[in-house]
Amino acid sequence: MPRNQDIKKVLVIGSGPIVIGQAAEFDYAGTQACRSLKEEGIEVVLLNSNPATIMTDKDIADRVYIEPLTVEVVEELIRKEKPDSILPTLGGQAGLNLAMELDEAGFLKENNVRLIGTTSETIKKAEDRLEFKATMEKIGEPVAASLVVENVPDGVAFAEEIGYPVVLRPAYTLGGSGGGIAHDREEMVEILENGLRLSRVGQVLVERCIAGWKEIEYEVMRDGNGNCITVCNMENIDPVGVHTGDSIVVAPSQTLGDKEYQMLRTSALNIISELNITGGCNVQYALHPDTFEYCVIEVNPRVSRSSALASKATGYPIAKVAAKIALGYTLDEIKNAITGKTYASFEPMLDYCVVKIPRLPFDKFISAQRTLTTQMKATGEVMSICDNFEGALMKAIRSLEQHVDSLMSYDFSDLSDEELMEKLHIVDDRRIWMIAEALRRGVSYDVLYSITKIDKWFIDKFAIIVEMEKALKDGPLTPELLKEAKRIEFPDHVIASLTGKTEGEIHQMRMDNGIRAAYKMVDTCAAEFAASTPYYYSVFGSENEVEKTSGKKKVLVLGSGPIRIGQGIEFDFCSVHCTWAFKKEGYETIIVNNNPETVSTDFDIADKLYFEPLTPEDVESIVDIEKPDGAVVQFGGQTAIKLTEALMKMGVPIFGTSAENVDAAEDRELFDEILAKCKIPRPTGGTVFTAEEAKKVANELGYPVLVRPSYVLGGQGMQIAINDHDIDEFIGIINRIAQEHPILVDKYLMGKEIEVDAVCDGEDILIPGIMEHIERAGIHSGDSISVYPAQSISAVTKRKIEEYTRRLARALNVIGMINIQFIVCGEEVYVIEVNPRSSRTVPYISKVTGIPIVPLATKVIIGHKIREMGYTPGLQKEAEYIAIKMPVFSFEKIRGADISLGPEMKSTGECLGIAKTFNEALYKAFLGAGIKLPKYKNMIMTVRDEDKPEAVEIGRRFEALGYRIFATAGTAEALKEAGVKAISVNKIEQASPNLLDLILGHEIDLVIDTPPQGADHARDGFTIRRNAIETGVTVLTAMDTAGALVTSLENTNIKELALIDIAKVQ
Amino acid sequence: MKAFLILEDGTVFEGTSIGSKREMISEIVFNTSMTGYLEVLTDPSYAGQAVVMTYPLIGNYGITPDMESKKAWPDGYIVRELSRMPSNFRCEGTIQEFLEKQDIPGIAGIDTRALTKILREKGTMNGMITTNAAYNLEEVLPKIAAYEVGDVVSKVTCKEPYVLPGDGYKVALMDYGAKNNIARSLNQRGCEVTVYPAHTKAEEVLAANPDGIMLSNGPGDPKTCTGIIEEVRKFYESDVPIFAICLGHQLMALANGGDTHKLKYGHRGGNHPVKDLSTNRVYISSQNHGYVVDDTTLSQEIAKPAFVNVNDGTNEGMEYTGKKIFTVQFHPEACPGPQDSGYLFDRFMEMMGGDR
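Protein chains in written order, with the UniProt record's numbering: chain H, 1 to 1066; chain L, 1 to 356.
Take these hints with a grain of salt, some might be off.
The list that follows gives simulated cross-link-like pairs (lysine-lysine, DSBU-like), each with its CA atoms no further than 30 angstroms apart [what the hints assert, rightly or not]:
{"hint": "1", "chain 1": "L", "residue 1": "Lys122", "chain 2": "H", "residue 2": "Lys548"}
{"hint": "2", "chain 1": "H", "residue 1": "Lys501", "chain 2": "H", "residue 2": "Lys470"}
{"hint": "3", "chain 1": "H", "residue 1": "Lys341", "chain 2": "L", "residue 2": "Lys117"}
{"hint": "4", "chain 1": "H", "residue 1": "Lys483", "chain 2": "L", "residue 2": "Lys155"}
{"hint": "5", "chain 1": "L", "residue 1": "Lys201", "chain 2": "H", "residue 2": "Lys335"}
{"hint": "6", "chain 1": "L", "residue 1": "Lys201", "chain 2": "L", "residue 2": "Lys155"}
{"hint": "7", "chain 1": "L", "residue 1": "Lys304", "chain 2": "H", "residue 2": "Lys456"}
{"hint": "8", "chain 1": "H", "residue 1": "Lys548", "chain 2": "H", "residue 2": "Lys583"}
{"hint": "9", "chain 1": "H", "residue 1": "Lys341", "chain 2": "L", "residue 2": "Lys264"}
{"hint": "10", "chain 1": "H", "residue 1": "Lys335", "chain 2": "L", "residue 2": "Lys122"}
{"hint": "11", "chain 1": "H", "residue 1": "Lys38", "chain 2": "H", "residue 2": "Lys58"}
{"hint": "12", "chain 1": "H", "residue 1": "Lys679", "chain 2": "H", "residue 2": "Lys865"}
{"hint": "13", "chain 1": "L", "residue 1": "Lys122", "chain 2": "H", "residue 2": "Lys341"}
{"hint": "14", "chain 1": "H", "residue 1": "Lys548", "chain 2": "L", "residue 2": "Lys264"}
{"hint": "15", "chain 1": "L", "residue 1": "Lys117", "chain 2": "H", "residue 2": "Lys335"}
To spell it out: a stretch of chain L is covered by chain H in this simulated footprint if at least three of its residues, at any positions, have a beta carbon under 8 angstroms from a beta carbon of chain H; those stretches are [unchecked claim]:
{"hint": "16", "stretch": "47-56"}
{"hint": "17", "stretch": "82-91"}
{"hint": "18", "stretch": "157-168"}
Label-pair distances were calculated between CB atoms; the ranges are [what the hints assert, rightly or not]:
{"hint": "19", "chain 1": "H", "residue 1": "Thr502", "chain 2": "L", "residue 2": "Ala145", "range": "50 to 58 angstroms"}
{"hint": "20", "chain 1": "H", "residue 1": "Glu505", "chain 2": "L", "residue 2": "Arg22", "range": "42 to 50 angstroms"}
{"hint": "21", "chain 1": "H", "residue 1": "His288", "chain 2": "L", "residue 2": "Glu350", "range": "30 to 38 angstroms"}
It is worth saying that the hints were derived from the structure and are not from the lab.
Note that the structure is predicted; figures quoted are calculated from it, not measured.
Glycine included, every Cβ here is placed at the ideal spot set by N, Cα and C.
In isolation and in its complexed conformation, chain L is listed as follows:
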């Protein structure tokens, strides 16, 4: 069946429908990872967005147990070509079936490179995927333009707290849309991880006397998370060591009076170089963010930049002065992408008191 991708600027791509046949409108973003499509699809940070994969051959190894959350989150999925026959020893099914089962509409067979160039040049924009060939541009364009990502954290966070057992440090993981590998990375280091819904009050978390707090990644514009920011401020004021990733990093900055802004087309992929300013070492990182902390809005007394993006010089991490608080914009938990910055979890362990 034919499908159409209609961009906010009026550009139309014609391709083949994949996954769900329903119509969707969302914010279109691109990801440059060559492997890890399943991790991308199940990363809650994509809630409220439709993802274009720039690598043209998707689904080659099918669906494996490598889900980063319980379900797929993007509103839509845009690819050049889906493999008709996946091959891998862990393959449990095809991506086609997965998209249908997860009710994700998508489009294949379009020139994804041309689409990526539009997004790069004009910036991230909204779009619609439809199978209705009789679409009327004049009608749909205003609808597309009106789309807002909105409060997606509430949509993706867990409903009830739960515990992932361990015999080491007790870590409170604030689930703003956490990828599984954050908890797994902590578990692997022996931590007992208690996962809390995003809107849990700080008092409740702190009452459990955690050894450390982990602020997770998550979707959407950090500034819309006003309630959560207040709770993060309370975490800041406690003396509990904190490690934050992505949205968590942005929320901590906002909780301290800093500012964030939207990047033209974001960083999404597994090849972004970040420099650790304390060692000048460069690490290749996994990234997925559309917003960035404006580090000039935080005074050095509050926090100092700890990581910077080598490509565009944007902030990639902060170290909070006089606090055991460390935040990064990128994803040390990888999945998908390079594992080079996994050592940051070890640093968090040290902040909590080292080996025990």
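The following block holds chain H by itself, in its conformation from the complex:
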């Protein structure tokens, strides 16, 4: 069927801010789909509130709206742009839910907009629990005994009928939000209440517990002619009970015979046909480990995280094909872009094994529960490819960048046997390390299987790795043993430490014996057809397939690895734009990255893609084959920066700012010298290694002080200390991981925080704009509301900031990007941090100023000058718009995480509010972040003493808006004294009724809780904040944020939001 010519202008809805359960995979899918639509001459209108995405680029779509994802906004956008179709299946659950609401309300029909890629019947059948169950029963596909309930008593009654444990799944939520397994009535009530609240339609499914069964997924495609294929199947190593997003996953399935494989494949095709899906779909199964019995767990009638993984695992571009199907093409008309010979109507055959490991945020949330459940907690994931399972697992482990590189990385050797057996029952992110320890102690496969339900095939693979550890330790290290250790991907330094040799000696021994990494191609067809797409993975002991390429100059672009708090999708944006810019300049581009969710790892972004861990050894093996003319590290976040030194040792020139200058920005003493030379003030401070040294420095400076390790991301480990006791605690936390670099102790200044990104060509600088944070210094820049252009600083200060930026960029010999954070106290400007690299704010500032910073920086790196590219150096003219970047958090997903903001970053994503006025922009930003007020007009205030004067003013404004204010004694007193009505409530530790009762009573909209500074108090109010978050109440922990919110609420009369096409911002 040729394409439907009636489709000319398509609205694509993105997935909004990155939150746990909805991450970069939708930027990847959306970007691929938009490119696929544009290829067909379709005019693409894009809506996504997330400014860090690649899809919101004017290169990707014709019209770009970075606006809140609400029904009102989509309606307004449809009236304004008049698209003829909406493609809602690429923006995750958020996009799908919006489209459904519009369709149900009849709005689409009224405006002659059709849904393409799906129908509302399809979505209802797949997503509405009752309809789904009825549909499955109709075609004879088994589902676990279940009932949809809308209240707690019904749920409890059903659970008691089918027997505990039961699984709870709220309808229409992201990443299984609010779900869980209840083992008794008490847990049942707790989880069910929460789930009912989170579900868009107030429904929760209660079902028979199939925990412990194998969890298997199929990615299926179907076209309008009814042709179906499966792209790939995947097996979760963690059996049912752990959310698939938090499971270690292998593709293809390893422990299924052809009978089981085909049984489930046929089922998946029956389901996609019955649901009448046109495009991609994910079907999840639970398969009984000892019979052929299976249950359909869930169907996602859209692209998903799993489909992104399946695309990267097989080379089959699901989103691209789904977009073509939406236009009317059939699978046998769509070319397989990897082979260029075959068509999309085939099933990829893998001749390798793929392992995905989730990136969990417990290094950020040290107080959080590490247990894994049906509620997803991972912020991102890594994928690796090898020709054996052990190797793929070892590569994936070291791709995580969590100080793990083998099954020995978490040391459980001090546990007693009893303790170890006890701990094996705990399902958390360290389970495979726990199993490895048990294997070292000779615990049998049967026992391990009976506890974990992890298939013995996988346990045996862990055992093979453990046996290799022992063989290496026992020695002698023969070339044969080394070869085998490398075949299963033991890193050189692990082999070195096990054999008591140096990493250099192991490397030499490898070279002497010809043990080198070779690269194989991902070609979708197991070598049956010649492929033209250079998408590579490494193996040892095989023939190299990389072809020698062109006489062009080659550049190695290092990606940013898994999405984690502090290093998100924005660095993928930068890496991709840098790659495109090099391509335009005639370079051959090579990307190295290991994140399957991203655009950078799409097969047609760079000339060559290496899907590999980002460690020095893995990169060196690529360098040996490719011999690049240089590498770019300034766009891949800290992951890439950390490789600088290693690249220099390999003899790879660093394009742009040199390694010494990167060091100078991080090395306290060097940096102090530079600041002194530039006559730029900075908060005084010193470098230390021990708590004693730190206390000495702190007492000289006077408390409060800021304590942080150098070379970190997102303020990891950064804390404000108010006394010696805090220092002891914070230094202890930092030193749990051996520090190669000193710890910094600085005087803490309370001022306005200002941020600047700039491009420097060695002589001139270009500053697209100055951003101001709403929250005062002390809250991590990534967690602050950021306003462009800066609103409250004087022209003199702006000139000073411009001048300091110039001096610093010149002094550090920056070629390319630099990011500087300042504190402004009065007219005084201090520098608090300099990063000679691309930053989190680059996508945002590029979009709102219309200045393509990454391509400019890339050209500068190649040798062009700012002036010759048509720009006047210096601070650029301010845009006509106010743009506000709002952080978005995923706190409700992480049980036990403290939500109070501080110097350590906690947000997972961001959204943008852009408007002609500050108030409208702020309103849009809060709307985009999903803060929906008011419902009940009840709020709670409990603030520390120093915030009381401000709290009074803010309270007064909320009161004027009609809010009833509950407050703890001290805060209530302060409010009352100032004439603000406040109802005094008991603190949580006091008698009932107290704050907690109020929160659990579900009638509170907002909690403003500012915890006192310092380690002693950090957990004050913790229970209140957690309970509030978990019951869906907005919690603010900084007075500045509260002030901004009340300003935004005072302006909610802005009914008609003006939508702004970013593609037209110059």
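Starting from the structure of chain H, add chain L where the hints point.
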């Protein structure tokens, strides 16, 4: 123990010996299925050939009851890695033991992708697996080149007819190397299946008054089956509905004056798209064939193409004009591979008269 795979073109791969230690020479072909190694090993169509599995991890679920015939047929077995510990609730043993018991020599630990690329680029060729490290290339290469698959149908077919009971249509299944699931698929639809040795005379089969005749898959070059082709012609001339798979499909074409030719490296795996030309629907099929019917050699009056391979446009099925005869190159009986085209057995039931 070390083993060596020596190809006709002189390429040598060094690996580890698996299964039988004896030396073998055969035609080397590759299969891209990711599951179903046991079905592949017991598919009689591999008689006279040695199989390379492109999926690197083989034996993960051990040996299960999923045999497609009584024994393993390939002359040799070539893999990247055999699982040392299989795991599956139906597992009855390891593939290592199975290969030894079945006396199949093999080699593991070689770069199967590199080998596959050679076969793809140069075409299917002969090879030798040996554990003799002192092999002399000059001596063995001519021996390897001289290997011919020959008459393998006689080797794999049953010796005596036998009946698989059912209370529906009576189907005569001509066993040219039939996979069990063909008879099973017919049985499941109620048919009484009489399995005949390949060389049974048509008269004898027709004398039993079958409601339908099923021509099975099988190994080797169809053109070497001259005697069988004559009998197939007689089946054609009878008015009994016929459904043919793979070798059966090729034999029917040859019996009608059509031609077949050898593909460069064949189709072996579970992901081949075939298009049903009557509906334009595409199905993913299980395939295992080195030869293909040249459909231009059959006039439209005799037969029309019914299925085509979406990847390379080769013929995948014929419908015989004015006859209740339908033949396909691929394997609707699956095992291993997708079950999408199982509906063709239903079509055969209809050709025989529909539900009864």
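Status of the hints after comparison with the structure:
no. : hint                                    : result
1   : L:Lys122 / H:Lys548                     : holds, 22 angstroms
2   : H:Lys501 / H:Lys470                     : holds, 15 angstroms
3   : H:Lys341 / L:Lys117                     : holds, 16 angstroms
4   : H:Lys483 / L:Lys155                     : violated, 43 angstroms
5   : L:Lys201 / H:Lys335                     : violated, 48 angstroms
6   : L:Lys201 / L:Lys155                     : holds, 18 angstroms
7   : L:Lys304 / H:Lys456                     : violated, 52 angstroms
8   : H:Lys548 / H:Lys583                     : holds, 18 angstroms
9   : H:Lys341 / L:Lys264                     : holds, 16 angstroms
10  : H:Lys335 / L:Lys122                     : holds, 25 angstroms
11  : H:Lys38 / H:Lys58                       : holds, 12 angstroms
12  : H:Lys679 / H:Lys865                     : holds, 26 angstroms
13  : L:Lys122 / H:Lys341                     : holds, 18 angstroms
14  : H:Lys548 / L:Lys264                     : holds, 27 angstroms
15  : L:Lys117 / H:Lys335                     : holds, 22 angstroms
16  : 47-56                                   : holds (count 3)
17  : 82-91                                   : holds (count 8)
18  : 157-168                                 : violated (count 0)
19  : H:Thr502 / L:Ala145: 50 to 58 angstroms : holds, 51 angstroms
20  : H:Glu505 / L:Arg22: 42 to 50 angstroms  : holds, 43 angstroms
21  : H:His288 / L:Glu350: 30 to 38 angstroms : holds, 36 angstroms
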